[in-house]
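Visitor: So the chains spell out like this:
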Amino acid sequence: MTEPSDLLVEETASNAAAPGAEALPPANPVEAGAPARSQWRDVWRQFRSHRGAMVALVLFVSIILFVAIGPWLWTIDPTFVDYRARNQGFSMAHPLGTDQLGRDMLARMMTGGRVSIAVGLVAMSIALTLGSLIGVVSGYFKRLDAPLMRLTELFLALPLLPLLLLMVTLFREPLGQKLGPAGGTFLLIVSAIGVTSWMQTARIVRGDVLGLKEREFILAAKSIGTPAPRMILRHVLPNVISPIMVAATLGIATAIITESALSFLGLGFPPDFPTWGRLLFDAVDQMQQYPWRVILPGAFISLTVLSVNYIGDGLRDAMDPRIRGR
Amino acid sequence: MLTFALRRILLAIPTLLFISLVIFLLLEASPGDPLGEVPLTVPPEVKERMREALGLGQAWYIRYVLWLKQFFWVEPLYWCDQIFGTSFSAGQQRIISFQSRSPVFDVIAQRLPQTLTVVGMSYLLGVLIAIPIGIISAYRQYSWFDQIGTFVSMVGFSLPTFFTGVVFIIIFGIKLQWFPSIYDTTLRVTDWDSFVMQVRQMVMPVTVLALYNAAQISRFMRASMLDNLRQDYVRTARAKGLSERTVVLKHVLRNSLIPVVTVIALGLPVVFGGALITEQVFKVNGIGQLLILAIHANDIPMVMTLTFIFAILIVSFTLIADLLYGVLDPRIRYD
Amino acid sequence: MTLGPTASALALAALPLTALTAPALAERGADGELRVLYWQAPTVLNPYLSTGAKDVDPASMVIEPLAQVAPDGSLTPVLAAEIPSLENGGIAADYSAVTWKLKPGLLWSDGSPVTAEDVKFTAEYCMDPAFGCAVLQEFEGITGAEVLDAQTVRLNFDAPRFAPLQAFVGGRTPILQKAQFAACKGAAGVSCTAQNFGPLGTGPYKVADFRPGDVAQFELNPNYRDAAKPAFARVTVKGGGDAMAAARAVLESAEYDFAWNLQLPPEAVSAMEAAGKGRVVASFGSMVERIDLNQTNPSPELPEGERSTVKHPHPFLTDPAVRKALSMAIDRQIIAELAYGPAGKATCTILPMPEAYAPEAPACLTQDLEGARALLDQAGWVPGPDGIRAKDGTRLALLFQTTVNPVRQDEQALVKQWWSEIGVETELKAVDGASFFGADPGNPDTQTKFYADVEMYTDAYYLPDPASFLSKFTCDRIPTPETQWQGNNTPRFCDAGYDAGITELHATGDLAQRQQFARKLDAQLVGDGNYALPLIHRGMVSAHVNTLSGIVPNGWEGQLWNVADWSRVK
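Protein chains in written order, with the numbering used here: chain Y, 4 to 329; chain D, 1070 to 1404; chain S, 155 to 724.
You can take every hint at face value.
The calculated lysine to aspartate or glutamate pairs, modelled on EDC-like cross-linking and capped at a C-alpha distance of 20 Å, are: (1) Lys626/S x Glu636/S; (2) Lys1116/D x Glu636/S; (3) Lys145/Y x Glu219/Y; (4) Lys1244/D x Glu427/S; (5) Lys626/S x Glu1117/D; (6) Lys257/S x Glu236/S; (7) Lys339/S x Glu1121/D; (8) Lys478/S x Glu575/S; (9) Lys1138/D x Asp1150/D; (10) Lys216/Y x Asp1301/D; (11) Lys1116/D x Asp282/S; (12) Lys181/Y x Glu455/S.
Think of the hints as simulated: they come from the structure by calculation, not from any bench.
Could you put together the complete structure from these sequences and hints?
Guide: Pasting the structure below:
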């Protein structure tokens, strides 16, 4: 088996990510800002040349604008019921039609998107942070490995539904009183999803770290006395970023769908509050009569996940010094 | 490695006991009620009697210890009796479901075949599709193959099975009538015709689940392969004059498998646990559907037993994954 | 695992093809297999352990009661020779006992005779204090069963009961075979798996194979009392999936013959019916969807243990004008049309059936937003700057909770809209059904704890006489923390006049008078009082393929109540 023998390359690679930038470490912290800026400019230049990532970025920004600015321009209340105008197709009054109670679909898609994207991103970040932290720590520190992995096993084994139900029962009212019903529910949902979906990331990261730890460049860095936090941030994390990126894109999709599942436990937002996941679920029963009601939320979820995936791909390529400039 | 494995197995016993306690307390504390389905007309006194008949009158720790005894002592004795015709378990109460008042393990045994065939098959298929797709996608990054693969797998993953399953049923079950939309669990394969029937009813659930699994695994495979393809040892291997095939399939693949092994090892217990939504959509009625039914009915003995078996599988498969890391990368040592 | 040889099953399945070519008229078992979908699958076949329709309905094909309720609410004998009455001496003149006579010559499916001993045993089986019988309230007041002769049994009451025909009427209290269940009395009832999964019965079918939560298979009972019935030789009851999938499998692909409990969007159902393969039928019993208005204050600012107790009356729902306005603002017809379709009719009473108990002139069916606004204006509730009405600093802002269910969420959205149009603000909340109907005293979301201003759910009674149903709204049935929130008077309605009316109702045997009393109580509670707002008289919806005939909707009994009469038409 051939192994990476040139640890020096690795070392510089992750240390001073940009080749051609100053090879020597900066003398003082004031100067330290300068190479970092140029490094990010470099990354951006590389990112721009990645066609898929650029298209995805444009798409993602437009989706964000659609859900963030849209409700300011399209002011119909997404919960306003007008049953005389129910089940309508596309029209001037309702560009995306109306649902079974005559609520405007465009307004619902926009408001729903706000929640779904926010939930997806925040819950994914929580899960990812927890997962990477636990994964890196337990992979890197032998002493912490066993307890942390047993904790992971415990969380993997817990039945999800009763756990979520219990969380709502305990925390819905106190949180609602402190943060208002919407804020309380949001916090509850993202933490519920985050706390129950970090385990896979943790296991994957730990597996990678275990292998990485024995690589020569790590041993070398260790032998020159690099302290552990610096080791992790500088040498370990950048080398496990790929699986984390994959987990991130998959995590957004899972979080958006899980949110819709939660509302069926009565855990989610108030029942008349639209989210993409719930719009999709509600429309499945009538997809033969009103296919657009399924296609729209489904397409938005998929497009969001796809664009995040391509942006992630582009970022990873751009940040990898070995292929930059190719 | 052997001592490591032995130590881990010994450590697994307190871990599992602790997990079982946490699960039990969680089920105790969660707000459902086994009598939630009882009509509103039933007076509270009658409900109280029913509750006592279920054994819910006792304190939780007594019921927990009783469950432990039944799981670790009575049930093994019962199986022993079944196999050897002995009668050690005579007169001892097995774990009884609240819903059906029948031994939990009998019901699980009824459900296991369809879960193992449908979910197991779909997982196998998913892995078999995902690994080559991941390899080719990474090797030919940004080729048409990779782009289509990325698109299909991301769309496949972001669309939940409750949606894709229903689409399949409408197209292939109702419009085209190629496959039955309802899985017949009583079908037994005895001859060619019944085998064909079995295959026909498995096609839709297996496809839906396999696509979902393949989407996930192929993404991890691709990312890991990409990481390794860029390593300098690959260049070295090529420079040594090794064939491209050897470089990719022997060196890169082996080094890329660690995250994939993790994902697969975490996925295998799920094969036993069944697929909640897919089983529901196609009426496969396996373990997943059993669990969801039991949770909704707050059938504590059933949920407890199923999740605990699940916990045992998770602990075992993470151990297997840890051992496999050592095989894949000999530098990883546990001591 | 335990299924018998499939070869014979296949042979049986092939039978109808040949049998159907001959004109199959009233010939036992000539129509082959009947395939039924119960998407909530049966988990046990003993109604004494579980009263859910998913369990009682399939069991009713096997075990039968003495009498059952006909679609119009009258009683018809099943195993009994006749319905006991004062005239035939079946009901004692002082209402202290009921004497049932069995039909002559009845046999169990194993060939042994059905006797009065079996009836006596079944009563004792359910009333055993260690057993935890699910239908114990049907045996309320019975002191014992006395066997008079092999065909006659007498049920003695502790005091006169003016609605005496309760036990052994309807599919929820069938007769079990003493010989089979003798070992299952009391605490032993739990471990009687074989008996609970395969009770011997007198019905048209016997259990062939039962897998809890998945599938139940039934075959002909050779000893069924009508030699010409049933037409189907085998019945398969398959579970799993959801209502929509079940409807598709019957109405669109005709893979199954019959599907049960299809509460679905009306348009989806009518579109599927248009495919021309099957039909939808609804059977109406006593189910009513209603909104309870909390008469006590559920405010979270109150200390725990005092929320939703009579100690703190509700700040505005105690005002009759507000209750009436809330009722007037609701368009029940629109709810019925949009959310229920064939599955529901607008209603103004909680006693929709039998018709003799229902009020003559339903007053709430037309929506009157103007009237509701005027009523609130009169009562001093005037709109504030945000459009929400208030009086003395109290805003008309409600928390409206119900269970998670797409139909209910549509109803919630509609009601919220209407209430907002009369200046009432509504916050919606949906709770998981198992949690909502649970009795866990630590759970804040239960239906009895009622930590909300209004809540919506469906309630029903099983026998045509509503006396015991109405009794639950008396003052002493108000749930309190002292009783662990047990008690079924969820609106916390308390009225001395109503309680007196209940006593009166329980003390009279004259049917016309009972009906009149019940109507009066209904008016006090809902018609005039508006303590609860009835919305929809709900039916149980099922679908069947066009080739299935003989289905008679019956809202009192299970959907399979007359399965012996079902047959296949060509």
